[in-house]
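2 protein chains.
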Amino acid sequence: MKHSPHLARLIEALRALPGVGPKSAQRMAFHLLQEGRPGARTLAESLTAALGCVRRCQRCRMLTEEPLCSICAASARDGALLCAVESPADVVAIEASGSYRGRYFVLMGHLSPLDGVGPEQLGVRELEAILAEGGVRELILATNSTVEGEATAHFLSELASARGIRASRIAHGVPVGGELEYVDGGTLAHALAGRQSL
Amino acid sequence: MKHSPHLARLIEALRALPGVGPKSAQRMAFHLLQEGRPGARTLAESLTAALGCVRRCQRCRMLTEEPLCSICAASARDGALLCAVESPADVVAIEASGSYRGRYFVLMGHLSPLDGVGPEQLGVRELEAILAEGGVRELILATNSTVEGEATAHFLSELASARGIRASRIAHGVPVGGELEYVDGGTLAHALAGRQSL
Numbered sequence: 015m016k017h018s019p020h021l022a023r024l025i026e027a028l029r030a031l032p033g034v035g036p037k038s039a040q041r042m043a044f045h046l047l048q049e050g051r052p053g054a055r056t057l058a059e060s061l062t063a064a065l066g067c068v069r070r071c072q073r074c075r076m077l078t079e080e081p082l083c084s085i086c087a088a089s090a091r092d093g094a095l096l097c098a099v100e101s102p103a104d105v106v107a108i109e110a111s112g113s114y115r116g117r118y119f120v121l122m123g124h125l126s127p128l129d130g131v132g133p134e135q136l137g138v139r140e141l142e143a144i145l146a147e148g149g150v151r152e153l154i155l156a157t158n159s160t161v162e163g164e165a166t167a168h169f170l171s172e173l174a175s176a177r178g179i180r181a182s183r184i185a186h187g188v189p190v191g192g193e194l195e196y197v198d199g200g201t202l203a204h205a206l207a208g209r210q211s212l
Numbered sequence: 015m016k017h018s019p020h021l022a023r024l025i026e027a028l029r030a031l032p033g034v035g036p037k038s039a040q041r042m043a044f045h046l047l048q049e050g051r052p053g054a055r056t057l058a059e060s061l062t063a064a065l066g067c068v069r070r071c072q073r074c075r076m077l078t079e080e081p082l083c084s085i086c087a088a089s090a091r092d093g094a095l096l097c098a099v100e101s102p103a104d105v106v107a108i109e110a111s112g113s114y115r116g117r118y119f120v121l122m123g124h125l126s127p128l129d130g131v132g133p134e135q136l137g138v139r140e141l142e143a144i145l146a147e148g149g150v151r152e153l154i155l156a157t158n159s160t161v162e163g164e165a166t167a168h169f170l171s172e173l174a175s176a177r178g179i180r181a182s183r184i185a186h187g188v189p190v191g192g193e194l195e196y197v198d199g200g201t202l203a204h205a206l207a208g209r210q211s212l
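Sequence order for the protein chains is A and B.
The number in the working numbering is simply the position in the first sequence, starting from 1, with 14 added.
The number in the working numbering is simply the position in the second sequence, starting from 1, with 14 added.
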């Protein structure tokens, strides 16, 4: 059946959300317009507000509404360590592990020439400006373990080396608590190649 | 890590969507504020517009922005058949099957005394008004095959019978194309009990 125009437009707009297909979008729209009305109003308002306020951190490109994000603004963080990640969600994940006290640089993607994503789009100029300040002693490359992520890590490591800054790559191997039997071959090969002496 | 206030509020607001947990909400928020900005703006606008315009059909309670929904307004539909369903999504599903030319009545739920949902909340008064007009000859009960759905169907069937209107329940059984081997026992029992002579 044909939905009424505003309903159809809402269903179409909900498909802008990642992982939402036509069926989920319809379910969401019906929910928002029935029992979910107060939540729907809050969603529309907070979305408009966030679009107006939330920008990128001037230094690390993390999403924030201040000129500097809370991590770049915190004096307690170790400025000698800089960790390059692909997305804000990666920052959240590393912070949740509680094992890192340095700063971040959010690339907002990975090198992907076919999609028109080059060093410029990843903010490499801003990254070079931070490295040029001289405070960073190690650039930790925590891009994803995909072909593009590896290529991006390689590119950035050369950038760091050119300035005499140590570049390191996070370890890839068997997940903690994982059973060897269920780990894929590529990961196992990485785990073996990256073995460390005890 | 603590998100900035507007970002945190957006993530919280996105959880109003059905089936969206904290992790998906964060992923959606990051997407909407990065590459998804044009879509996010459209979403906020269409959500506000839909909240302002979309109401229930005065007759069948379907979601629409006109006083009457497109089905109630269509003279080509058979007014002698009225199909009671639990939600607007059920109307969409039945319409998609292309096998029904009557009208609908959307209960927007099922009888659930513990949740404070009684006949009043399901619009039974409006349904009775339609039945009182005298045009309806059969009330098809297409509520879900759950305890509450069955109870609601039973309640509505008595309502129809009291007015001398035929009440029918949609058939429950083995899905078309389904293999007996993989059908659950409750469905098989229904299929056997509802067998028809050839």
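Hint data in this document are derived by calculation from the structure and do not stem from the laboratory.
Any given hint could be a false lead.
Copies of the same chain are indistinguishable here, so a pair counts whether it falls within one copy or spans any two.
[Stated by the list, open to error] Derived DMTMM-like pairs: lysine to aspartate or glutamate, alpha-carbon spacing no greater than 20 Å straight-line:
#1 K16 - E80
#2 K37 - E80
#3 K16 - E172
#4 K37 - E152
#5 K37 - E109
#6 K16 - E134
Here the structure is a predicted model, which means the values were calculated and not measured.
Hint-by-hint comparison with the structure:
For the homomeric pair K16 and E80, the shortest alpha-carbon distance between copies (13 Å) is at most 20 Å, but the shortest distance inside one copy (44 Å) is not. In this homomeric assembly, K37 and E80 never come within 20 Å of each other (Cα to Cα): the closest approach is 38 Å inside a single copy and 24 Å across copies. In the homo-oligomer, the alpha carbons of K16 and E172 never lie at most 20 Å apart, since the shortest distance is 56 Å inside one protomer and 33 Å across protomers. In this homomeric assembly, K37 and E152 never come within 20 Å of each other (Cα to Cα): the closest approach is 47 Å inside a single copy and 30 Å across copies.
For the identical chains of this complex, K37 and E109 are inter-copy neighbours only, at 15 Å across copies versus 35 Å inside a copy, given an alpha-carbon limit of 20 Å. Proximity of K16 to E134 under the C-alpha cut-off of 20 Å is found in neither arrangement, the shortest distances being 45 Å within a copy and 29 Å between copies.
The earlier numbered hints that this structure contradicts are 2, 3, 4, 6.
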